[in-house]
Amino acid sequence: MSQLNRRSFIKLAGSAGLLGLAGPPLLAHGATKARVVVIGGGYGGAIAAKYLRLADAGIEVTLVEKDPAFVSCPLSNEVLAGDRSIDSLTFGFDGLEGHGVKAVQGEVSEIDAANREVKIKGGGTLPYDYVVVSPGVDFRWDAIDGYDQAATEAMPHAWKAGPQTLLLRKQIEAMADGGTVFITAPPNPFRCPPGPYERAAQIAHYLTRHKPKSKVIILDHKTRFSKQGLFTAGWKRHYGDMISWVSGAEDGKVLAVDPKKGVLITDFSEHKADVANVIPPQRAGAVATRSGLVDDSGWCPVDQRTFESSIHKDVFVIGDSCVAGAMPKSGYAANSQGKVCAAVIAARVNGREPPEPSYVNTCYSLLAPDHGISVAAVYRYEDGNIVAVEGAGGLSPSDASAEIQQREAVYQRSWFRNVTADMFT
Amino acid sequence: MNTRNLLRLFTAAALLLAAVPAMAGDVDAAMVSNTCAGCHGTHGESVGAAPVIAGMSEPYLKSAMMDYKEGTRYSTIMGRIARGYSDEEIEAMAGFFAAQTWTPGKQELDAELAGKGGALHADKGCAMCHGPVGTAPSPTVPNLAGQFAEYLYYQMRDYANPHAAIPTTAMVMRPMCQNLSDEELMSLAHFYASQQ
Chain A
2 MSQLNRRSFI KLAGSAGLLG LAGPPLLAHG ATKARVVVIG GGYGGAIAAK
52 YLRLADAGIE VTLVEKDPAF VSCPLSNEVL AGDRSIDSLT FGFDGLEGHG
102 VKAVQGEVSE IDAANREVKI KGGGTLPYDY VVVSPGVDFR WDAIDGYDQA
152 ATEAMPHAWK AGPQTLLLRK QIEAMADGGT VFITAPPNPF RCPPGPYERA
202 AQIAHYLTRH KPKSKVIILD HKTRFSKQGL FTAGWKRHYG DMISWVSGAE
252 DGKVLAVDPK KGVLITDFSE HKADVANVIP PQRAGAVATR SGLVDDSGWC
302 PVDQRTFESS IHKDVFVIGD SCVAGAMPKS GYAANSQGKV CAAVIAARVN
352 GREPPEPSYV NTCYSLLAPD HGISVAAVYR YEDGNIVAVE GAGGLSPSDA
402 SAEIQQREAV YQRSWFRNVT ADMFT
Chain B
1390 MNTRNLLRLF TAAALLLAAV PAMAGDVDAA MVSNTCAGCH GTHGESVGAA
1440 PVIAGMSEPY LKSAMMDYKE GTRYSTIMGR IARGYSDEEI EAMAGFFAAQ
1490 TWTPGKQELD AELAGKGGAL HADKGCAMCH GPVGTAPSPT VPNLAGQFAE
1540 YLYYQMRDYA NPHAAIPTTA MVMRPMCQNL SDEELMSLAH FYASQQ
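Chains as they are written, first to last, in the numbering used here: chain A, 2 to 426; chain B, 1390 to 1585.
Since the hints were derived computationally from the structure, they do not count as laboratory data.
We treat Cβ as the ideally placed atom computed from N, Cα and C, and that holds for glycine.
Warning: the hint list may mix true and false statements.
[Stated by the list, open to error] Now the in silico label distances, taken between C-beta atoms and shown as ranges:
{"no.": "1", "chain 1": "A", "residue 1": "142", "chain 2": "B", "residue 2": "1498", "range": "42 to 52 angstroms"}
{"no.": "2", "chain 1": "B", "residue 1": "1475", "chain 2": "A", "residue 2": "86", "range": "55 to 65 angstroms"}
{"no.": "3", "chain 1": "A", "residue 1": "142", "chain 2": "B", "residue 2": "1524", "range": "57 to 67 angstroms"}
{"no.": "4", "chain 1": "B", "residue 1": "1521", "chain 2": "A", "residue 2": "407", "range": "29 to 39 angstroms"}
[Unchecked claim] Now the stretches of chain B that chain A is said to cover, found in silico as 3 or more residues with beta-carbon under 8 angstroms:
{"no.": "5", "stretch": "1432 to 1440"}
{"no.": "6", "stretch": "1471 to 1485"}
{"no.": "7", "stretch": "1497 to 1503"}
[Stated by the list, open to error] One side of the interface only, derived from the structure: several residues of chain A facing chain B at Cβ under 8 angstroms:
{"no.": "8", "residue": "158"}
{"no.": "9", "residue": "360"}
{"no.": "10", "residue": "363"}
Make the full structure from the sequences, and use the hints.
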């Protein structure tokens, strides 16, 4: 650790709060080969931090996360059903510290690419040789008239797991039998393409048992959605007519909301909701925008072979915020991208050519506690883009037996245990 | 050439050979293998129920992936995934995971079921191929000792199911599993899983 870095780290510790200083003392291991700052401790950032250390313990890795712990979005729909606690989705950073990652709690104000520094709100800077940005998504607060930050207290998005998830759960629990839960689904691209439709199933799973006269209505910006055939069949089988879906072509696009009255407004209708879950249109995480890493699309263009920003050298963007060719904005995609990015940085630090990248996405949805469905894909880098390998991947078969549906539900939980162990242990 | 030089030459050749599987063509073994970790755990050390693949034998890992790829082994998801990898990538993965240390899956098991499974293992002659406690005696046989019980049970269910594809080399498992009740299959799974 250099003098400069040590001094700034202590300054940061004093100003922004520190999660811990555990891990091997880097000073004792001689010269640090490179300093990498990772912004965001989720599906992408935690993996990039850990795999950088696994690739080369000479790389000093500092993980900056604004929250004291990470709460997983995947599986958070089960909290809405009352089948899972938020604690079971919450992870600290001790395991990463065991790999020699320095975890720091603080909010990044911006990346100063010219001076190679990450600036922390409230003071403090972290100098870097490389920075990995994995901040997830931000919401487009100007997209739905009336849906601002204050409106999320009446109409939760619950699209970042934590207090918003618990608020939505509370509202559903408080709703009278015979009420209507509305879910508004955003236009592409957005975090977790099957998420709104799994959410409808999980809410219906709760309502079927406790408030069977209730309805779930999805107002969609889109005209089709992920795993559509499997979801539609599964909704019908488990929940009868409880769930209905309104296509963007049939007045499903929510243009405005009135949070006080609980009203959702489309082109031709006004819907009075007993519970309104508004999943707003999305863009790259705010820190990426503040750091000038986004283009006109609102997302971060990157070299899809390395995840290095097309705008700033030595700045890498992974996960939901980046434009990653055929890969969806999912937890597993972020995991896979974090590993490619870590391998690229480790290769550069050691003066080697980065390896040929290989990427995967595997994503499970739970229609009912004993009915899982999945989508998978393997990707390669070809002519500047990440493309799905032809003939591979795809969906669970629509004619899967009950035994196999149950097996996929077991593997969904297995996926969660392993993917979070990959991140945090 | 004296003995020491010969030995050096031999060591150098062995090191070169050892380096080959990890480098098959342009394939980076760690890069392709790390894509598996989201479901199978870091370095293949699964925390369940997906099988532990860290420290499985190279020939078995390779044949399992090739069977998934070619559709000669039933799976929920592995066929879809295995078809995305070249034979060279599969070889590199097999080498990578075989080089890791087998870590028995930590899991809650039913001691009574495991006891019944142990008796069945002895009665039915499972040890002939699977060794005294399910620890693979040959590199072409999967290690069962300490594997996750759910996974083992699912595999036996597939062996028993005439509609599920199973590799030719495992055909002997079909009548074995068809002649056992569901509870017996579960007992065997708990027995092998308990062999930590």
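Against the structure, the hints:
1. A:142 x B:1498: 42 to 52 angstroms: holds (51 angstroms)
2. B:1475 x A:86: 55 to 65 angstroms: Given range 55 to 65 angstroms: violated, Cβ gap about 43 angstroms.
3. A:142 x B:1524: 57 to 67 angstroms: With Cβ atoms ~59 angstroms apart, the hint holds.
4. B:1521 x A:407: 29 to 39 angstroms: Between residue 1521 of chain B and residue 407 of chain A, where Cβ atoms are some 33 angstroms apart, the hint holds.
5. 1432 to 1440: holds (count 5)
6. 1471 to 1485: holds (count 5)
7. 1497 to 1503: violated (count 0)
8. 158: violated (26 angstroms)
9. 360: holds (7 angstroms)
10. 363: holds (6 angstroms)
Checked against the numbered hints given earlier, this structure breaks hints 2, 7, 8; the rest are met.
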